[in-house]
Amino acid sequence: MQDKTILATHGLTRRFGGLVAVNEVDFDVASNEIHAILGPNGAGKSTLINLLSGEIPPSEGEVLYRGQSIQGKSMRQIARMGIGRSHQKTNIFPRLSCLQNCELAARIHMGGVFGSWRSRLRAHAVSERAMEMLETCRLTHRAYIPAAAMSYGEQRQLQIAMVLATAPSLMLLDEPMAGMGREETAQVTELLASLTDRYTLVLIEHDMDSVFRLADRITVMVDGSVLESGPTEQIRTSEKVRDVYLGRHDEEVTA
Amino acid sequence: MDLAFFSVQLLNGLQYGLLLFLIASGLTLIFGIMGIINLAHGAMYMIGAYLVYDLNLRLGNFWLAIMVAIPIAIALGLIIERLFLDTLYKRDHLYQVLLTFGLILVLNEAQRIIWGGDVHRVPVPAPFDASIQLTDNLQYSVYRLFVMGVCLALAGVIYWVIRHTKLGIIIRAGAVNRDMVEGLGINVRTLFTLIFSVGVALTAFAGMIAAPLTSIAPGMGDNILITCFVVVVIGGIGSIKGAFWGAIIIGMATTFGAVLIPSLASMVIYLIMAAVLLVKPRGLFA
Amino acid sequence: MTEAHSTTPLIDARGLHTYYGESHILHGVDLTLMPGETLSLLGRNGMGKTTTLKSILGFVPPRRGEVFIKGVSTAKRRPWQLIRQGVGYVPEGRGIFPGISVREHLIMAARPNESGENSWTLGRVLDTFPRLGQRINHDGSFLSGGEQQMLSIGRALTTNPDLMILDEATEGLAPLIRDEIWKIIHEIKASGIATIIVDKNIDHLLKVAEKHLLLVKGEVVYSGGSQGLKDDPSILETHLGVA
Amino acid sequence: MLHRYPKRVAIIMLILTALVAAFPLWGEAVFGTQANFMLEKLTLMLILALFAMSLDLLVGIVGLVSLGHALFFGLGAYTLALASPDFSPASMWWMLPLVMGVSASIGLFIGVLVIRTKGIFFIMTTLAFGQMLYYFISTSQFAGGTDGVFIMFRPSLAIGERTLVDLDNPYSFFYFCLGMLLIGYFFLRWLTRSYFGQVLDGIHDNEHRMQALGYATSGYKLIAFVIAGVMAAIAGMLAAMQYGFANPAQLGWHTSGEVLMMLILGGMGTIFGPILGAFAYEILLFIYEHATTHWPILMGLTIIAAVLVLPRGIAGLIIAPPWQRKRNNDDAPAAKKEQASEAVQSTTPRKEG
Amino acid sequence: NEDPVKLGLMLPYSGTYTALGEAITNGLKLAIEQEGGQLGGREVEYIELDSEADPSKAPQNMSRLVNGDKVDFVIGPVHSGVAMGMLRVAKQSGAITIIPNAGLGAATNELCMPNVFRTSFSMWQDSYPMGKVAYDQGHRKIVTITWDYAGGKEDLAGFEEAFTAEGGEIVEQILVPFPSTEFQSYLTQIASLEPDAVYTFFAGGGGVSFVKDYAAAGLKESIPLLGSGFLTEGNLTALGDAGEGVMTTLHYAETLDNDANQAFVSAYENAYGEMPDTYAVQGYDTGMMLVQGLSELDGDTSDQERLIDVLANVELESPRGPLSFSDSHHPIQNVYLREIRDGKHEVVSIAHENLEVPDEACQM
Ligand SMILES: Nc1ncnc2c1ncn2[C@@H]1O[C@H](COP(=O)(O)OP(=O)(O)OP(=O)(O)O)[C@@H](O)[C@H]1O
Ligand SMILES: Nc1ncnc2c1ncn2[C@@H]1O[C@H](COP(=O)(O)OP(=O)(O)OP(=O)(O)O)[C@@H](O)[C@H]1O
Ligand SMILES: [Mg+2]
Ligand SMILES: [Mg+2]
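First to last, the sequence lines map onto chains A, B, C, D and E.
In terms of our numbering, the first sequence opens at residue 10 and continues consecutively.
In terms of our numbering, the second sequence opens at residue 3 and continues consecutively.
In terms of our numbering, the third sequence opens at residue 2 and continues consecutively.
In terms of our numbering, the fourth sequence opens at residue 57 and continues consecutively.
In terms of our numbering, the fifth sequence opens at residue 934 and continues consecutively.
Because the hints were derived from the structure by calculation, they are not lab data.
Hints are not guaranteed to be accurate.
[Said to hold, decoys possible] The list that follows gives simulated cross-link-like pairs (lysine-lysine, BS3-like), each with its CA atoms no further than 30 angstroms apart:
| # | chain 1 | residue 1 | chain 2 | residue 2 |
| --- | --- | --- | --- | --- |
| 1 | B | Lys243 | B | Lys168 |
| 2 | E | Lys1153 | E | Lys1074 |
| 3 | C | Lys231 | C | Lys184 |
| 4 | A | Lys82 | B | Lys282 |
| 5 | A | Lys249 | C | Lys208 |
| 6 | D | Lys174 | A | Lys82 |
[To be verified] Examples of chain B residues lying across from chain C (beta carbon under 8 angstroms, computed):
| # | residue |
| --- | --- |
| 7 | Ala157 |
| 8 | Lys168 |
| 9 | Ile172 |
| 10 | Asn179 |
| 11 | Asp181 |
| 12 | Met182 |
| 13 | Glu184 |
| 14 | Gly185 |
| 15 | Gly187 |
| 16 | Asn189 |
| 17 | Val190 |
Computed from a predicted model, the values in this text were never measured in an experiment.
Don't be surprised by glycine CBs; every beta carbon is placed ideally from N, CA and C.
Could you build the full structure based on these sequences and the hints that come with them?
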């Protein structure tokens, strides 16, 4: 297990003023696994992802990526180490076309500012890759439309295509399925499932069907702390998790 | 620098700072809260001064002149907002910058056509046309003290409205997302028109109340404009509190900079601004 | 007056054609909603659900077609005027204002109920969403996604509408809270407030809504009650991909 | 954002360029004895076009609205003025690199500071730096204070003893400026279509997302800022060469405002638009000043009208002429449509994170 | 010659200096109107170009007049920075330029051009005489204050030269950022320095503000205020009581008791309904210079060398007293000591008679 660990946190803590959003979280992800993070709203899941991707610095604790601390590294450096992410809120380039969105994502590994300036040759490869990602996410027909002119759900799909295009080895997805329709959710779920041989995935999602379908392991957070962590089956049946997160009786609702 | 000298300078700095706040408050209201950069701010300040000069001559009473001038200023704001700005909220700041740049030209030229190029003044009105002795050879106009009081009072009122009333919440929300406020069933358009007019009136009012302290001349607005920008940026755009402290800082810096480092006097406010932005890119109170 | 109320539709939209610039999005959508009714708008991503709502509320006025809210034509009226007539709008993307605290969100648009009874007040919203109570003085934009969703619904409720429009209201909510929201939607329905819901949870929609409108590329392909959909599962299957 | 325009853009620009380049052939016939003066005016327009174009890189492409761009224009002028020897012409061979070097290093220095700010703050900080340099120059004895300085001789462009271009000759100087403008244009066009340009587009749209993708956005912005500064400085140098004079007013914020105006009048983000804008602005100014001493009112109203009805500037008219728009338009007036689609965009939150 | 004489007026008609531009234009036109609107028997065409007092536009504006409109004479500007830009083009084109105001010393000294005349003053000329006056009045320690710009500094230099030569001391020279009119902290500084007197150069709105603030601070009683005439010129009504007793030196005063002035003042009042000021006189003298010069040549402007020669030798009985031109084409004129009494500049004495300015660098 230990040798396969790609990402680990030790005593990771983040405070906002008096509020402890993430509280001494120890958490590890093995390579090529899909690790889901569950928890009620406001449990600190997004904050955790923000800490992992370097968007905000931790108050305490550290993050090890492939055994190397990401302490003090900028968002950019972390991205270049191979950690890619999507945001909970749609975060795309509204005025660029769908394809250009993906191209920008696909391009980041093309070297420094000036080096890449010249690389006309590789431009072709980039477009091809971007197109491929759009196809994967079923957006080919939207390639030349400005992202702003797509529906909300389509924009969410584009987000995923962009993360994929950066070819990260570790993907942090913050509620990728939110805002998507059923069918699209199912599609994306399948898509993600098919990626496991190439990527490691940390997934936040409130869509339980997808989570249980995808996750190898699940960590449940409550009020910033880890409540329980373990294989999917364990979590699915855990009483504690039911109490704070899943709820018990789907049927009673209509009564 | 002896103590008396120092305290008088402190008073000068405070007074200048408070006046700057009054002038800048309209800017920060319009500029931060409504998201409009009003380059014509200075021109509106000038118009306020000219209005009170003109009305003072006609009516023979400064206070009456102010009473009449304020509605005129509000009307001016109303017209400008409805005619020009209403369509610009959804566009980039750039367009507001340019539109108000055009307004400067129009307003300045209108001033010239109406009032000509001469320098004018407004006498200090009763009952404040007296002085108090500060040091053995230096007096201080009571009117300046009065202006300080007015500035402080207005600062308090504006702060209270923005922070602690429902109207204030709506104004702040409207600055971020007009459509969503409209989506709550609130008439943002009229609200914004009103705010803009109030902002213009505040600025013009600053010009009116400052008129007895300065000379009224073409171009007087251009000079104050940039200083106001610096004030607002230092404090943090859109923050009334920020504008207040920014104005006090600039007031003090101008006053003491002039005496302590005369060689840098003309640049001192820009240096402060650069320094502030270096440490806090969004201003001190944003 | 009450008599008239029950017979005039709350919303009566006829033949809406809506465009974004040159692109023709809605192709003659009809929609009727009576007081107290609950209607669900179904359709895949990008089919025009949100656009329909925005057309009705005047954010994107239809180029052709007419909308009447409570019998009054919406032509030439601004969105705020339409919403003032008693609409609570929870847009997709939540529309939370940065720099404004939770409490301020909940008082900024508050309007008491006309009848005065059973009003949604700050207190009642906080009772419903205790989480918001714990964050009452926080900046709205710093809330977690789900908390923002609660805030957005709570804010709409404080206007005491008789029509709630919920565009993806359960997006990003934890299952427990999502159930909570469905409960509230039922409650809202029970209190006589009409509702239009866009959501991806079709099972729930079938339970709560008595009318459904299924959109495909801006055209209505199904309009009717729940029974019709249950009777002919192929409708949902072909147009929503629901097995 | 695609930086691809209909064919007619290229055709119109080509025709205009040819027309301008051929001025010596037709100028005299049209303007008679005023031809020389018109040539001078035309040269000035070319210089201003270069200036406006450089600003487009910042404003139109990267989305950073600068109200202090005149700083670089003035810097170019002053570098030339102060570095020129008193009694002989300087050589272009080292004057040009000097101007570029000075403006690049000052651009780098200021850039590092201002790049940290965004939106309104960027507008204000650039304004402040512009004013800072303005006051510095206008109180500096060595730079002639508010009176400015003379440049006694125009720099020469020669190899050894052989003059390549006689810059003292108004016609040669005109072609020299035209050449500089064309070089600048093709450089910017190449730049915006390159990988670098696409990154700038991305930054313009959503800088935060670019950072999350792993782009060093400040680096790109800084480079763009410096490039824009250097180009503006070259324009400033040319302007100083033309009239042999540098003055602090060249770097005041009014100049920055005017060049922004040329940009918007021409159509920002298009590179070719600002060229048209500079010409249009100068021509209008010339006409208005001739017509009345109340010209500021006319100019002001023109600016206001342009902002209100021509948000995409002259370039917008060429790219999508109104009669073309009408053809596939049903019934709603254009303005209303635009408002509607914008309304939708702004209901979704503008800023993320 | 049937063509009209073309006069290009490059003066500010917008912005801060509008009043000056208009007064000069009025004076000039008055002089020519008095000759039946003709110069040397030729009609006159005015081309008025707003200089906006913007130096950066000066070269192109000048070029427009000279190369575009092909004017015979350029008259302007008001602002020294603009003058620099104009003179650059004047040098290249050789156009005859008459400066009716701008006081930069270099114009008729270092920059020396035969085709450039000045009918106004130089900063030095108006302030130098005050140095002696101040000393003679018994002041030994003086604080000087002006804006931190070229014109202000040139003015103070003239005063200092004379004052220190007499044996006085400048205790402090205060430079206020241009164009700030926020003077309170400087007044406090002056009060604490307790000099015998203050010498100052400000103009326009700045002048009004300074004098008013000076009076309001109660300093006028204890520390006499001396200044260059521009401090109060054109500002008398705006100054009101605050100006009473302020002493300034200038080459003109509207109360000057000579025939030419009396005739001028009443003609000006008739024509424009207001009292003339120095600027109007400068415009008027520019007109008179052209009138005299061109009538001598019968309107023939073709021979430029001759024209320059004739103009250089013009001698006027101006409202300001006798006026002639030095080798550098700068006015030789009286400078008067004036005091404001009852809202008027009363002439106290002639501070310096027929003062010629230093122009070693320019001997034509
Ligand atoms: N920048 C911030 N400033 C202050 N508080 C914050 C900030 N970001 C998050 N919080 C608070 O931290 C807590 C955790 O937020 P986070 O966004 O991580 O929740 P989450 O688990 O992702 O919830 P959801 O499932 O609803 O998205 C929330 O209560 C939120 O209000
Ligand atoms: N601002 C806009 N400009 C241009 N086209 C738009 C705009 N907003 C939406 N569209 C287009 O209109 C169509 C309908 O969009 P709408 O948002 O109504 O879909 P939706 O049914 O709500 O989808 P979702 O479930 O994804 O939210 C889509 O094809 C979309 O591309
Ligand atoms: Mg979250
Ligand atoms: Mg939608």
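For each hint, the structure was consulted:
1. Lys243(B) - Lys168(B): It holds: about 18 angstroms lies between the C-alpha atoms, which stays within 30 angstroms.
2. Lys1153(E) - Lys1074(E): holds (16 angstroms)
3. Lys231(C) - Lys184(C): holds (22 angstroms)
4. Lys82(A) - Lys282(B): holds (21 angstroms)
5. Lys249(A) - Lys208(C): OK: Lys249(A) and Lys208(C) at ~29 angstroms, within 30 angstroms.
6. Lys174(D) - Lys82(A): holds (23 angstroms)
7. Ala157: This hint is violated: Ala157(B) lies away from chain C, its Cβ roughly 20 angstroms from the closest one there, beyond 8 angstroms.
8. Lys168: Check passed: Cβ of Lys168(B) comes within 6 angstroms of chain C, closer than 8 angstroms.
9. Ile172: For Ile172(B), the interface hint holds, since the closest Cβ of chain C sits about 6 angstroms away, which is under 8 angstroms.
10. Asn179: At about 6 angstroms, which falls below the 8 angstroms cut-off, the nearest Cβ of chain C leaves the hint on Asn179(B) intact, so it holds.
11. Asp181: holds (7 angstroms)
12. Met182: holds (4 angstroms)
13. Glu184: It holds, given that the least Cβ distance between Glu184(B) and chain C is near 5 angstroms, below 8 angstroms.
14. Gly185: holds (5 angstroms)
15. Gly187: Constraint on Gly187(B) satisfied, holds at 4 angstroms.
16. Asn189: Hint on Asn189(B): holds, closest Cβ of chain C at ~5 angstroms, below 8 angstroms.
17. Val190: It holds, given that the least Cβ distance between Val190(B) and chain C is near 7 angstroms, below 8 angstroms.
Checked against the numbered hints listed earlier, the structure breaks hint 7 alone; every other hint is satisfied.
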